[in-house]
Structure formats: structure tokens, C-alpha cells
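Generate the whole structure from the sequences, applying the supplied hints.
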Amino acid sequence: MKYAKYIIAVLALFLALSAFSFAPESHTESDFLLDTYVSITVYGRHGDKAAKAALARVRELDRLLNAFYPESDVAKINRAGANTPTAVSEECFHLLLRALSLCKQSDGAFDVTIKPVMDLWGFGSDNQRIPAQNELSAALDKVDFRFVSLNSADKTVTLLKEGMAIDLGGVAKGYCADEAAEVLKNEGAENFYLDFGGNVITKGEIPLGLSERLKHRAKTRPFVVGIQDPKGTRGNIFETITTEQAQTAIVTSGGYERYFEENGVNYHHILSPATGKQPQNGVLSVTVVGSQSETADALSTALFVLGPGGCEKFEGLFDEVLFVMDTGEVKKIYPRGEK
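According to mature numbering (1 follows the signal peptide of the UniProt record, and there is no 0), the residues represented by the sequence shown are -23 to -1, 1 to 316, in order.
Read the hints as simulated data drawn from the structure, not as lab findings. Because the structure is a prediction, the values reported are computed rather than measured. Just so it is clear, CB atoms sit at the ideal spot from N, CA and C, and this is done for glycine as well. Hints are not guaranteed to be accurate.
The calculated label-pair distances, taken between Cβ atoms and stated as ranges, are [what the hints assert, rightly or not]:
(1) Gln82 / Asp118: 20 to 28 Å
(2) Gln110 / Gly186: 58 to 66 Å
(3) Leu191 / Gly99: 52 to 60 Å
(4) Asp303 / Asn128: 38 to 46 Å
(5) Arg56 / Lys290: 31 to 39 Å
(6) Ser114 / Gly58: 20 to 28 Å
(7) Asp303 / Gly212: 17 to 25 Å
(8) Asp103 / Glu159: 33 to 41 Å
(9) Ile214 / Lys192: 21 to 29 Å
(10) His193 / Thr5: 20 to 28 Å
(11) Glu159 / Gly186: 23 to 31 Å
(12) Ala223 / Gly186: 20 to 28 Å
For lysine-lysine, the following DSSO-like pairs were computed, each having C-alpha atoms within a straight-line distance of at most 27 Å [claimed, not checked]:
(13) Lys138 / Lys53
(14) Lys208 / Lys254
(15) Lys138 / Lys119
(16) Lys53 / Lys119
(17) Lys309 / Lys81
(18) Lys290 / Lys119
(19) Lys81 / Lys290
(20) Lys254 / Lys308
(21) Lys53 / Lys132
(22) Lys81 / Lys119
(23) Lys119 / Lys254
Spelled out as C-alpha cells, the structure:
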């Protein structure tokens, strides 16, 4: 009898240790960067080293690209004033070069020089207000991406109009997420999930623990990304996207994150560069799915302004776009010839 109890105890210990050994390893690093919460989760052995390296890269880029920091490249450009070349880092120069290309492709629906108008509205500050039309008109005169000059020989940026200023917020999070993903892959990470405040990147799948393996008869499961209901409370998910093993970027822009209310009307931070006001096209949120977070970031902003008809401008740059309209309709748009 004692021998049987001993065998049972050994088996129980073995099963417990087996369950522990098959528990999926994961490591998460997080911080408040790029004006949002950044979270990097890596699955597998040595994930801590990879996650730490990726977050360090994001911190480095935040100091270069965030206008909040006086010594950032963006702040230096804006301080220099009109017709004064400013030397910037390789990262800032090439990001701005790509961003200006998307500005052109969007016909200005996405414009990195919208900062003077954004400053008038005061989003995120103690001075949020509805600007007067004459103020908007004066600020809009300073908004035009075509008046940003880049010199590739010496990596300088020049603003050609007095009072112009740039804001890379529409692409910086996406770019930094892409850079973090590259660091993770270089560190050998195969399964990871990045969340940069509405900018998500997934790669691979989630390893399962022993009990889940037995239950689902699988070693892994795909990542499932929830899309916020723009009319619901935070965390209220109305749609999910199941990703494949290949690296996938999912970026959502919506008017429910940064806004203020006046006389029962919500005024959100996504503005049309043509009017300086919120677009009146019935769009509540836009989710772009693609392979590159930087591009999806810019497209989500541009398509919020343009509406579903604007997708034709970006053929080949997305895998899927999901529009949530104020009528409750959900419009899903795919590249021509797909689905």
C-alpha cells in the first residue's frame, strides 16, 4: 500500500513538473512612449533579452521623433523657422521622405505639416477649444507638405513657409513598431505581439501550455486582435481579426481616443488638412491591415479623411480596410481581385 502511494506521489510530481515544463514562456516589456502605452510581448526562451532590446530601440527613436522633446529632430526643424536647413538623423530623414510620398499619394488627406492647425485645437492640453474660422484660415495657409524640402546630400530638412511646423505622429508609431519588430527578429524571436496604442504587429502564433495542448490538440494558436467599438466604452470589442503566422500589422484610427465635448458635440483629433475640421463623411473608425505598420498608420489617417472611396488611391498598400460608419454599417474593402 505504501509502495502504491509512493508511485502515485511520484506520478503526480512528474505530471506537475511536466505541466510546468510545457508552460509557454513569455516576456513583456512596456513603457509610455510616443504619447501612448507601448507593450512588447515575446514568446519563447530568451524573450526577455529580445523584448528589452526592442524597447530600447523604441526609446531611442522616441527621443528623435517626438516633438515633445526640445532636442528631438522634429523640434529642431520646427524651431529653425522658414528657409533654414536643419540637419537630422538618418531615421528622421528617411521617415520624412516616405511620409511625404504618402502625403502626395493621398492628395494631401494625410499631411505632416498639419501641426499649426492641431495646435489651435489644443488636443490633449488644458486649452482644448473650437478655433474661430479666421484662426483656422490663417493656420491652414501654413499647411502644405509640398513646402517641405529635403536635401539627401547632407540630410537636411527645410520648411519653406513662415510659421510651418511638422508632426510625425501619423507615422511615427507605425515606424517604431516596424523597427521594434526588426529588432525582435534579429534577436531570434519568432512569436511576438506588439501593441503601440492602436498599432498592433503580430508574428507567429501563441505557444500553448500542456492543458491547452491536450484540449485543443495543437501546440499553438493564432493571435486574435480585437477592434474597438467606436460607439462603445473602452475595451468593448465589436470585431476580431485572426492573424496568420506571417508578420501582420493592424492599425486603427478613431475619433474615440482623443477628443473633447462642447455643447453635446464630440470634437476629435483627426482633422482634414483641407478644412482644419473633423471630416463629415460618416466614418467613425478605420482599421488597416497590411504587412507594414508605418504605411498602415498613415493610411488609417488618410482614409479617415477620405472615406471608403479613398482606398483606390492606395491599391497594393493594404490587405484589408475596415470602416465603421455612423450608420452602424461596417464596410470591408480588399485589394482588387481579392475576396
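To see whether the hints hold, each was checked on the structure:
{"no.": "1", "hint": "Gln82 / Asp118: 20 to 28 Å", "in the structure": "23 Å, holds"}
{"no.": "2", "hint": "Gln110 / Gly186: 58 to 66 Å", "in the structure": "60 Å, holds"}
{"no.": "3", "hint": "Leu191 / Gly99: 52 to 60 Å", "in the structure": "55 Å, holds"}
{"no.": "4", "hint": "Asp303 / Asn128: 38 to 46 Å", "in the structure": "44 Å, holds"}
{"no.": "5", "hint": "Arg56 / Lys290: 31 to 39 Å", "in the structure": "33 Å, holds"}
{"no.": "6", "hint": "Ser114 / Gly58: 20 to 28 Å", "in the structure": "21 Å, holds"}
{"no.": "7", "hint": "Asp303 / Gly212: 17 to 25 Å", "in the structure": "21 Å, holds"}
{"no.": "8", "hint": "Asp103 / Glu159: 33 to 41 Å", "in the structure": "38 Å, holds"}
{"no.": "9", "hint": "Ile214 / Lys192: 21 to 29 Å", "in the structure": "23 Å, holds"}
{"no.": "10", "hint": "His193 / Thr5: 20 to 28 Å", "in the structure": "23 Å, holds"}
{"no.": "11", "hint": "Glu159 / Gly186: 23 to 31 Å", "in the structure": "29 Å, holds"}
{"no.": "12", "hint": "Ala223 / Gly186: 20 to 28 Å", "in the structure": "24 Å, holds"}
{"no.": "13", "hint": "Lys138 / Lys53", "in the structure": "16 Å, holds"}
{"no.": "14", "hint": "Lys208 / Lys254", "in the structure": "20 Å, holds"}
{"no.": "15", "hint": "Lys138 / Lys119", "in the structure": "7 Å, holds"}
{"no.": "16", "hint": "Lys53 / Lys119", "in the structure": "18 Å, holds"}
{"no.": "17", "hint": "Lys309 / Lys81", "in the structure": "25 Å, holds"}
{"no.": "18", "hint": "Lys290 / Lys119", "in the structure": "25 Å, holds"}
{"no.": "19", "hint": "Lys81 / Lys290", "in the structure": "10 Å, holds"}
{"no.": "20", "hint": "Lys254 / Lys308", "in the structure": "24 Å, holds"}
{"no.": "21", "hint": "Lys53 / Lys132", "in the structure": "14 Å, holds"}
{"no.": "22", "hint": "Lys81 / Lys119", "in the structure": "17 Å, holds"}
{"no.": "23", "hint": "Lys119 / Lys254", "in the structure": "15 Å, holds"}
When each numbered hint is compared with the structure, no violation occurs for any of them.
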